[in-house]
Each structure stands twice: as structure tokens, then as C-alpha cells.
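Chains A and B, in that order, are what the protein sequence lines are. 0 is the number of the first residue of the first sequence in numbering that gives the first Met the number 0; add one for each residue after it. 0 is the number of the first residue of the second sequence in numbering that gives the first Met the number 0; add one for each residue after it.
Quick caveat, the hints were computed from the structure, so don't treat them as lab data. One should not assume that every hint holds.
Claimed, not checked - Which residues of chain A face chain B? A few of them, derived with a C-beta cut under 7 angstroms, are:
# : residue
1 : LEU39
2 : LEU306
3 : ALA309
4 : GLU377
5 : PHE379
To be verified - Below 25 angstroms or equal to it, Euclidean Cα-Cα: the simulated DMTMM-like pairs (lysine to aspartate or glutamate) are:
#  : chain 1 : residue 1 : chain 2 : residue 2
6  : B       : LYS41     : A       : ASP297
7  : A       : LYS361    : A       : GLU537
8  : A       : LYS277    : B       : GLU45
9  : B       : LYS14     : A       : GLU399
10 : A       : LYS619    : A       : ASP663
11 : A       : LYS595    : B       : GLU45
12 : B       : LYS14     : A       : GLU377
13 : B       : LYS41     : A       : GLU312
14 : B       : LYS27     : A       : GLU394
15 : B       : LYS24     : A       : GLU399
16 : B       : LYS27     : A       : ASP482
17 : A       : LYS277    : B       : GLU34
18 : B       : LYS27     : A       : GLU374
19 : B       : LYS27     : A       : GLU537
20 : B       : LYS41     : A       : ASP317
21 : B       : LYS24     : A       : GLU296
22 : A       : LYS610    : A       : GLU421
23 : A       : LYS16     : A       : GLU75
24 : B       : LYS41     : A       : ASP375
25 : B       : LYS27     : A       : ASP317
26 : B       : LYS24     : A       : GLU75
27 : B       : LYS24     : A       : ASP332
28 : B       : LYS27     : A       : ASP663
29 : B       : LYS24     : A       : GLU374
30 : A       : LYS36     : B       : GLU29
31 : B       : LYS14     : A       : ASP315
32 : B       : LYS14     : A       : GLU75
33 : B       : LYS27     : A       : ASP375
34 : B       : LYS27     : A       : ASP315
35 : B       : LYS14     : A       : GLU394
36 : A       : LYS610    : A       : ASP656
37 : B       : LYS27     : A       : GLU538
38 : B       : LYS24     : A       : GLU377
By construction, the Cβ of each residue, glycine as well, lies at the ideal position given by its N, Cα and C atoms.
Each chain, letter by letter, is given below.
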Amino acid sequence: MSGPNFGGTPEQQNLAKEIFQLMTFQGAFFATEAPIKQTLTNLVTFLAHKNKQPADHVRSEVEAALHENQQIFCREEQGAEVLYLTTQKGAYTLREDDISHTFQQRLYEPENPYSLEDLSVVISTTRPALTIVEPVFVSDYWQQRLEQSTSRSSEEVPSFAGEEDRESSDLEVERITEAEAEPETEEPESLLQTSAPLEILSEAEVDEVKLTLLEVINAQKADETVTFSSQPMPSEAPLSEPPPKPTFGEQGEQGEQVEVLIELPPPPPPPLPPPPAKPIYFTLPNGVLIDLNLPAEDLLASHGPALKTALLERLDQDPFRRIVRFGNSLFSDSQVNNLGKNALRKIGDYIVEDGEPLTDTKLVGEIYQRNPRQEDYESFRFSLNYRLSRERDFEFVGIEGVCLWSFKGLPTIGTKRIKTSEMAQLTAYLMEGYDESLSLQSAESIQQTGTVDRFLTFFEWQYGILPFDASLMALLPQPMLADQRRSVLRFESPQHFSNYLVEVRYPTGNRGGWLQGLEDFFHEHLVAGALIRLARTEEPNVFTITYEETPDEEDRLLTLDEKKNKLTFMDTVYYCAVDKDQLLAQSRFGKFKNLKALPISDRRKAENMLKHVFEMIGDKLGTRTEPSYRLDFETLYIAYNVLRPSSRPYLMALLKDDEAYFPDLSAGPNLYCYKPEPEPEDLTTDEEQEEEGLSQLWGYDDED
Amino acid sequence: METKPIIYGETALNKLVEWLRITGKPQKIETVVQEYLRILHKYMREG
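Produce the complete structure using the sequences and hints provided.
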């Protein structure tokens, strides 16, 4: 970079150059145009010390050299001190900011801006009111009349002036036409007679009138038309006349009476009370009429189920499926997250690996690492449930509040010895109205206390199955989805610190429901005839199963020998409270070992089982050819429940339906007899044998 | 003024969908029915 050119003698040039280098070195990091200041005293002190010359001599030389280079060194005096200014560029010029065109200036243009009030002329902060033309319903009758009268008036206008009689029912259109066609018609004396000559008042007069007018306005606030006149004001003010502008006029030939009519702009109308709500009705599919003017909360309280059902049905029929639902939750379809095949497979594998149905919260948390604090947690949980509900391999086995998902590879809960279809038929009697479970404990009581007490029958104990009767229906949760077939609950045993997965099979159509999965608990801790208690907990899907513990007792009790597949009595020690009448002890029910452990498919036929029980454990009466059997009803009930579940009303109905069963009142109150139809003698067999012998003897066939 | 017919579950359903979208999370059926009744009422009042 070339430096500036210095003037003066060579000595002065060298000195000026040295000072310039000294100062630019001092301000090496300054901007090129930033001033670098140094005092004369400092310069003299430095150079005198450096050159070892007297300070006065150096001072005069410095001043002379810098004076010769004024374009580079700017001299500035601050009191007694002398300063020299220069820049990296070599010439210092005082900085001048260009303020000829600033934003600040533009804000205040023009020089005298509008006052705040005047600004309102330019800028309106209010939106002009839009004129809304409300459609007015005019009946056909008046429309026809209007057309007729219009056509007639257009025809009659030329001769209208001479017509005196008019129908009072003519429309206003006719009256307007009349007014236009007959201007000379006498009207009541009105201040609005524009035919009279008008006199324009001077400004002073107008101001005076205005002041007076304001006083009158204050006195008569509501008047729309104010008239100043020496004459009394006509009773009928022509309010319908159009001129809105102030009119100052003089009436009378003498000019004595000055009438000033000013029509003020109409005052804003007082707020009208809200118009009575017009009824808005619609009808639900079930015929219920809904008035939309009622509050939504009231409508929901009175017609909630019908409104919900109707809306859900409509949403299901929506071809665009804009709103999707899972259980009682609805969501916009566009916001539902999608789950691909890989994600679904991952979820299925996770459930199978865990070995039991898993909740949606567990799946969302452990597979997708989402927690409830996240904003989209609920929407993602809904998406998961909704997507899984549409997959065939996943089955919803949860209840309201606990969404449990099962996968096709999971092991069966409960016994495998009874097929689902068979069990559904065995419990069908519950759907036929033979449920007696509420005879000792009402449904309200069960719902209130949250407990159900019941005695175990042999069938229930053997297979770990409880019929889903009315008492359990009152205790256990209902299915959450409309097409839900089963749900999985957890039963805890606080006495043994163990828990069991229980599958609830809900009734469908004429097939009954049941619970299964308590086989291990029953065999381990209870016997047939034991009293158990099922109770709710705070968790909607968790229940407790308890029994009353007693000192150990030993007896020979009925049991099923799995290897031989027959019923037998075995020495058993039990520790639970039992109903001695239902305890299947050999001492009392010794004949029960005669009952055959028939295949479950055979036990579905209730009539055959009844017959089997009578024949196996009933007292045999009659002859060999015409046998009959007698059995008391309570023993029949207990024995029948060894083979399949039933109720007393159901057994009673079976006895009454068949004439082969009849009460034996002569022997006792609850004794029933069964007399099977006598079997025909086996004559056919003898005849066949005889015929066969003859055919062999004579050598012919039956066909010959 | 002629009254528009109301088809429950169809009339103003777009507004219900929009409301659901704005809420950003699933809603219980009771809440949805209540909101839908309000939407219907407003829709009929405003014409």
C-alpha cells in the first residue's frame, strides 16, 4: 500500500513521514477512516528522546513539518493541548452523516402531520356495516295480488285521477302510483308541502334555530320530527315522506309564520329483546323428535343412547369414513397414524413372546417408546387400537378402560378338554330363561357390593368353568365392542398370592357364556360344593377369588379318573368351607360312581343326560320288563351338574316336558319317577335267525 | 323462510370433522354428540 505524499523540505518530509508511521502504527487496528489522535506533547517527548535533541527545538520542527502537511494531519486544539488527527488512509475528513433521506423523516412527512382526529378521515378503524338483505317470505296469495294490482294500475293510471272509489285493500304499490299520478290531490296540511315557496335562511338564523332546536330535542328526546310553527302541529306527521335533509321553509302568504322542519336522523333503536327461538326439529330413526333449541346437555341426558346410536350408524355409513371410531372414542380419519405390515408383525411377535394378551399402553410404551406426557400420545394410542381392530390376526380381548390385544399364536386360556362350540351349547339354558343365579343375591346388590358368592358344582370344579349367568353378568364388565366375543380378566388369590388369567366368553344369540381358566385354582385349593367369593378391585380388569379357610377335613370325594375316564371316589383332604349337602362324599352319593364320564358332545343333549342320571343313580322300581326309577330332585340336580351345568328351573322344565317323568307324591314331596317306554321284544332277531337257518337249509337267498 | 331439512349424522358433518381435527385427539362419543348438537343448532340458526 503506497503512503501519502508529504510536502515541505526533505527534512520536514522525513519527519512528517516518521510521525505518520508512528500514528498509523498506534492505530493499526482502526478503520481506514477512523481518526487517530496524538498530542503534540507526546510526539515531541518521543522524538526528543529518540533523537536526543532539546524539546523546544523538536516542537518547532514538528509543528513546521505538520503544518506543511495539513492535508494529512489535522490540527485540533483542546484548551492548552494541541492534537493532531490523521487516518490510515492518510487524510482525515470530518465525518458527515447523510440524513437527507431518513426513515425518521419519512414518518413525519408532511411537516404538519394530521392530528389524530383527522387521521380518522383517512383511516377507518371500523368495518362498514354490510347491508344484508334478509329474505322475506311472501305467500303466493299476496304475490298474485301484487301481479294483478300492478297490471291493473298500469292500465288504470291514465284515468286514475278521475276515479274516486278505491278499494281499501289495494296494495301500497297502488297508493304510491296514485300519489305520483295525482300530485294535486288535497292532503292534510303538512309542513312538508314543497309546493310552497321556500326561503333560504341566513347562517346566523340557522345557527339560532339550531340552538333552539337542541333545547327542544333535549326536552322531547324521542321525537323524530320537530316542527317550529305558530300553528299547532298537525296530528299526523308525514313520517313516510322521503326528504331526509333539513328543510327550512316559510308558510303563509304574509311571511309571518316561519316553519322550520328538520328531520333528524333517527336515533339508534333500542336493543330489541331476542326474538323467540323458532323450533328446530329433527327426527331420529327410532321416531324420537329432537328440539335443537334445547341445550345439548339436556338432550344428551334425555335421549343420549338414541343420539349416540344414530350418529354412530350414520358415521359407519359415511362412504368417505371421515370419522373413525374405536369403542366409544371418535377421531378424524386424516389424523390416524398408519401402521405398516412390519409394525403389525412386530406387535404380534411381542405379544406372543410375552405369552398373554397385552394392553395398548404397554405396546405403545415398550415398542414405540411413547409416554403419556407426549402431546400425541392419545392420538397414537387410538391409532394403534383402531389399526389392530381392523387386522384379522389380532383380537381385542379388553374391556372399557383396558384395551387388551391378543394374537393368533397365543396359548389357550383355560381347559382344552371342552370345545368352545360345545360349551356354548351346554350353557344355552341360561339364554332360555332358566337362570336362577339371582335368587339369593339381586343384581343391584351385586353391583353395589361388587361381590358374588356361589357354590361350586362338580362340573365347574372339574373343568375350572363358571357359567356366565346373571350374577356374574352383574359383576363382570360388559364387552366394549359390539362384535366382541371374549375378554380376558385377571383373577387374583390374595390367600395364596397367585393370579390367573380368566377368559370370559360372552353369550351370542341363543348360546350361553362362561368363564374359564380357574381349573388350577379349583383343583389346588377347593372341592366341589365349596363356597367361593368373586369380588371387584379398583382395576376394571382385575378381580379377586377367595374362600373361607377351615381346619383340614378328610373324606372320600368324587373325582374323575383321567386315565380310566371314569368317576370314582378318592380320599381327599380339603381346607375350605363347603355345603355339606353338595359335598360329593361317598357316604352320601355313593351311586355317583355309576355315572359315565360321557364325551362332552354327548352331554349336549340334556334329555339324554336326564335319562342317564335317573337310570344310573335312581332307585330302581317296577319289573325287569317295565322298569322305573325314582330320584329326589336335589340329588338329581347335584348328579346332573356332575355331567353338565344346569339350574333347578331348567331341570324342572325338562321333567315337565316329558311324560316319562312324573312326581311320585305318594313317596315324598320332591321325588320324581322316570318310567321309560317298554322296549319291544326282540322278535325280529329270532325270526331273522330262523329265516336264515331255513335259507341255508333249502339253499335260497332272500332276494329270490 | 323455508326450513332446511336436517339429516342427523349427515347435515353439517364437515363442521364436526373439522372440530375433531382441531381438537387433535380422540373424543368420547358423548362429547362428540354434544358438540354435534351445538353445530347443528348454530348451522340452522345461521342458515
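Hints versus structure:
A hinted interface residue such as A:LEU39 counts as satisfied when its beta carbon comes closer than 7 angstroms to some beta carbon of chain B; here the least separation is about 76 angstroms, so the hint is violated. The beta carbon of A:LEU306 comes within 5 angstroms of a beta carbon in chain B, closer than 7 angstroms, and the hint placing it at the interface holds. The interface hint given for A:ALA309 is met, as the beta carbon of that residue sits about 6 angstroms from the closest beta carbon of chain B, less than 7 angstroms. At a threshold of 7 angstroms, the smallest CB-CB gap from A:GLU377 to chain B is about 4 angstroms, leaving the interface hint in force.
Given the 7 angstroms rule on beta carbons, the hint for A:PHE379 is violated: about 10 angstroms separates it from the nearest Cβ of chain B. Restraint check for B:LYS41 and A:ASP297: satisfied, since their Cα atoms lie roughly 17 angstroms apart, inside the 25 angstroms limit. Between the alpha carbons of A:LYS361 and A:GLU537 the distance comes to roughly 19 angstroms, so the proposed pair stays at or under 25 angstroms and holds. For the given pair, A:LYS277 sits about 12 angstroms from B:GLU45 by alpha-carbon distance, which is consistent with the 25 angstroms threshold.
With a CA separation close to 28 angstroms, the supplied pair B:LYS14 and A:GLU399 exceeds the 25 angstroms bound. As the CA atoms of A:LYS619 and A:ASP663 are separated by approximately 13 angstroms, the hinted pair is consistent with the 25 angstroms bound. Between A:LYS595 and B:GLU45 the alpha-carbon distance is near 77 angstroms, which puts this suggested pair outside the 25 angstroms criterion. As the CA atoms of B:LYS14 and A:GLU377 are separated by approximately 22 angstroms, the hinted pair is consistent with the 25 angstroms bound.
A threshold of 25 angstroms between alpha carbons decides the hint, and for B:LYS41 with A:GLU312 the separation of about 23 angstroms falls inside it, so the pair holds. At roughly 22 angstroms between alpha-carbon atoms, B:LYS27 and A:GLU394 fall within 25 angstroms of each other, so this suggested pair holds. A threshold of 25 angstroms between alpha carbons decides the hint, and for B:LYS24 with A:GLU399 the separation of about 18 angstroms falls inside it, so the pair holds. For the given pair, B:LYS27 sits about 19 angstroms from A:ASP482 by alpha-carbon distance, which is consistent with the 25 angstroms threshold.
With a C-alpha separation of about 20 angstroms, the suggested pairing of A:LYS277 with B:GLU34 holds against the 25 angstroms cut-off. Distance restraint check for B:LYS27 and A:GLU374: the Cα-Cα separation of roughly 18 angstroms lies within the 25 angstroms cut-off, and the hinted pair is therefore satisfied. Taken as a hint, the B:LYS27 and A:GLU537 pair is honoured in the structure, with Cα atoms around 22 angstroms apart against an allowance of 25 angstroms. At roughly 22 angstroms between alpha-carbon atoms, B:LYS41 and A:ASP317 fall within 25 angstroms of each other, so this suggested pair holds.
The hinted pair formed by B:LYS24 and A:GLU296 meets the criterion: a straight-line CA distance of about 22 angstroms does not exceed 25 angstroms. For the hint pairing A:LYS610 with A:GLU421, the CA-to-CA distance comes to about 20 angstroms; that is within 25 angstroms, so the pair holds. With a C-alpha separation of about 19 angstroms, the suggested pair A:LYS16 and A:GLU75 falls inside the 25 angstroms cut-off, and the hint holds. Of the supplied pair hints, the one linking B:LYS41 and A:ASP375 is violated, its CA atoms being roughly 30 angstroms apart against a limit of 25 angstroms.
A hinted pair counts as satisfied when its Cα atoms are at most 25 angstroms apart, and B:LYS27 with A:ASP317 qualifies at roughly 19 angstroms. Between B:LYS24 and A:GLU75, the direct Cα distance comes to roughly 76 angstroms. Violation of the 25 angstroms bound is thereby established for this hinted pair. For the hint pairing B:LYS24 with A:ASP332, the CA-to-CA distance comes to about 11 angstroms; that is within 25 angstroms, so the pair holds. Between B:LYS27 and A:ASP663 the alpha-carbon distance is near 61 angstroms, which puts this suggested pair outside the 25 angstroms criterion.
Restraint check: the Cα-Cα separation between B:LYS24 and A:GLU374 comes to about 9 angstroms, which is no more than 25 angstroms; the hinted pair holds. The hinted pair formed by A:LYS36 and B:GLU29 fails the criterion: a straight-line CA distance of about 82 angstroms is larger than 25 angstroms. Taking the CA atoms of B:LYS14 and A:ASP315, the gap is near 17 angstroms; set against the 25 angstroms cutoff, the hint holds. Our distance criterion of 25 angstroms between C-alpha atoms is broken by B:LYS14 and A:GLU75, whose separation comes to about 79 angstroms.
For the suggested pair B:LYS27 and A:ASP375, the alpha carbons sit about 16 angstroms apart, so the restraint of at most 25 angstroms is met. Between B:LYS27 and A:ASP315 the alpha-carbon distance is near 16 angstroms, which keeps this suggested pair within the 25 angstroms criterion. For the hint pairing B:LYS14 with A:GLU394, the CA-to-CA distance comes to about 33 angstroms; that exceeds 25 angstroms, so the pair is violated. The straight-line distance between the Cα atoms of A:LYS610 and A:ASP656 is roughly 13 angstroms, inside the 25 angstroms bound, and the hint therefore holds.
With a C-alpha separation of about 21 angstroms, the suggested pairing of B:LYS27 with A:GLU538 holds against the 25 angstroms cut-off. As the CA atoms of B:LYS24 and A:GLU377 are separated by approximately 6 angstroms, the hinted pair is consistent with the 25 angstroms bound.
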